[in-house]
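*Asks:* The residues making up each chain are set out below.
Number of protein chains: 2
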Amino acid sequence: MKADKAKGVLIVLSGPSGVGKGTVCKALLARNPQVKLSVSATTRAPRPGEMEGVSYFFKTRDEFERMIAAGDFLEYMDVFGMNYYGTPRAYVEQQLAAGNDILLEIDVKGAMNVKRLCPDAVLVFVVPPSMDTLKKRLVGRGTETEEAVERRTREAFAEMKLLPEYDYAIVNDVLETAVDEVETIIKAERLRICRRPDLTNFCKEAGTEL
Amino acid sequence: MKADKAKGVLIVLSGPSGVGKGTVCKALLARNPQVKLSVSATTRAPRPGEMEGVSYFFKTRDEFERMIAAGDFLEYMDVFGMNYYGTPRAYVEQQLAAGNDILLEIDVKGAMNVKRLCPDAVLVFVVPPSMDTLKKRLVGRGTETEEAVERRTREAFAEMKLLPEYDYAIVNDVLETAVDEVETIIKAERLRICRRPDLTNFCKEAGTEL
Chain X
1154 MKADKAKGVL IVLSGPSGVG KGTVCKALLA RNPQVKLSVS ATTRAPRPGE
1204 MEGVSYFFKT RDEFERMIAA GDFLEYMDVF GMNYYGTPRA YVEQQLAAGN
1254 DILLEIDVKG AMNVKRLCPD AVLVFVVPPS MDTLKKRLVG RGTETEEAVE
1304 RRTREAFAEM KLLPEYDYAI VNDVLETAVD EVETIIKAER LRICRRPDLT
1354 NFCKEAGTEL
Chain W
1154 MKADKAKGVL IVLSGPSGVG KGTVCKALLA RNPQVKLSVS ATTRAPRPGE
1204 MEGVSYFFKT RDEFERMIAA GDFLEYMDVF GMNYYGTPRA YVEQQLAAGN
1254 DILLEIDVKG AMNVKRLCPD AVLVFVVPPS MDTLKKRLVG RGTETEEAVE
1304 RRTREAFAEM KLLPEYDYAI VNDVLETAVD EVETIIKAER LRICRRPDLT
1354 NFCKEAGTEL
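Quick note, the sequences are listed as chains X and W, same order.
Numbered according to this note's numbering, the first sequence spans residues 1154 to 1363.
Numbered according to this note's numbering, the second sequence spans residues 1154 to 1363.
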């Protein structure tokens, strides 16, 4: 029965800025060694201590654009027209085949791309307890002008429109609960038929295929 | 956010006879008071102590057949042409709307019917550790002739062919693990977008619908 290793889960955590998806990710990774954050490719220069293939895959702008053209990214973004950041498809596929669960913390647009390219990806939307709370969190950062807060709130509303495209929603009210919920989702998704090559022999015996 | 109650999960546990799905169900119900076994309709006579609407909904053959004709069952079977047993659609829908998780322990054919009528139903296939184990369990019952064991084994193989139609598979090797896995599946399914009317107001605010 255990002839083939179960595939890992590609889990995409996204949601409006200010919702605290970064905090949820960090807590999840700290608690769950089987879940690994994806290593992104970037065109920005390495900072002291950063390691190729661990912190990032460092690329020149030329290399990155050739990879875009070749369809080598699950999603990418051009941050302020300054630096590209992207999720290399090959890296993610290798990790999943090795049975590792891979976590992507990306924006809503990126999530929609991943969904298109990897139909087995599990999309989790992190929702604030209320839109008022989200606004307060954005104000509370103290780093944003009133205008920026307004803009981000409008963006958050626009992003919420994509909620029906997601598989799951978790409310980030109490952090521990939110992390528990993502863990539960990952555990359940590991039991999905589409991720059970351990049942392949069984099916062969019965004369069917997964 | 909690204006609307989340819908319950309709969870269908099925698999070949001898796999121990009844044992998994019993252990799950004992541990998890939010999960309720569906109340079936039947044409067999009530036994002492059985209560209408609790043990079964007792029907005459005529009543039952009128219900079949009206499409009132999610699935039903005619056991040895003697007695009908079926899952009343209205009962299940009321329970789900009230936020209760409903468990159905049914055969593979019934499960396919439920899937057709309730696309949100969660189908879990209970798999034996191996086909050899299943055969040994059938023999071990001691109640079956060699011929009957052969027939049941052939049936089990035929049923396994429908595995790819299911959402999840659990291996019934260690009972506790199997029950844990069903619980995890139910918890995760409660977080699915399609079961989150608690997010309806949110979506309204954002100008979208779930």
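Simulated from the structure, these hints should not be mistaken for lab results.
Don't take every hint at face value.
Copies of the same chain look alike in the list, so a pair counts if it fits in one copy or across any two.
Stated by the list, open to error - Here are the simulated DMTMM-like cross-link-like pairs (lysine to aspartate or glutamate), alpha carbons at most 20 angstroms apart as the crow flies:
#	residue 1	residue 2
1	Lys-1357	Asp-1320
2	Lys-1158	Asp-1351
3	Lys-1289	Glu-1336
4	Lys-1212	Glu-1303
5	Lys-1288	Asp-1333
6	Lys-1189	Glu-1362
7	Lys-1268	Asp-1326
8	Lys-1340	Glu-1329
9	Lys-1179	Glu-1312
10	Lys-1158	Glu-1218
11	Lys-1340	Asp-1320
12	Lys-1268	Asp-1320
*Asks:* Among the hints numbered above, which are violated by the structure, and what are their numbers in rising order?
*Replies:* 3, 4, 5, 6, 7, 9, 10
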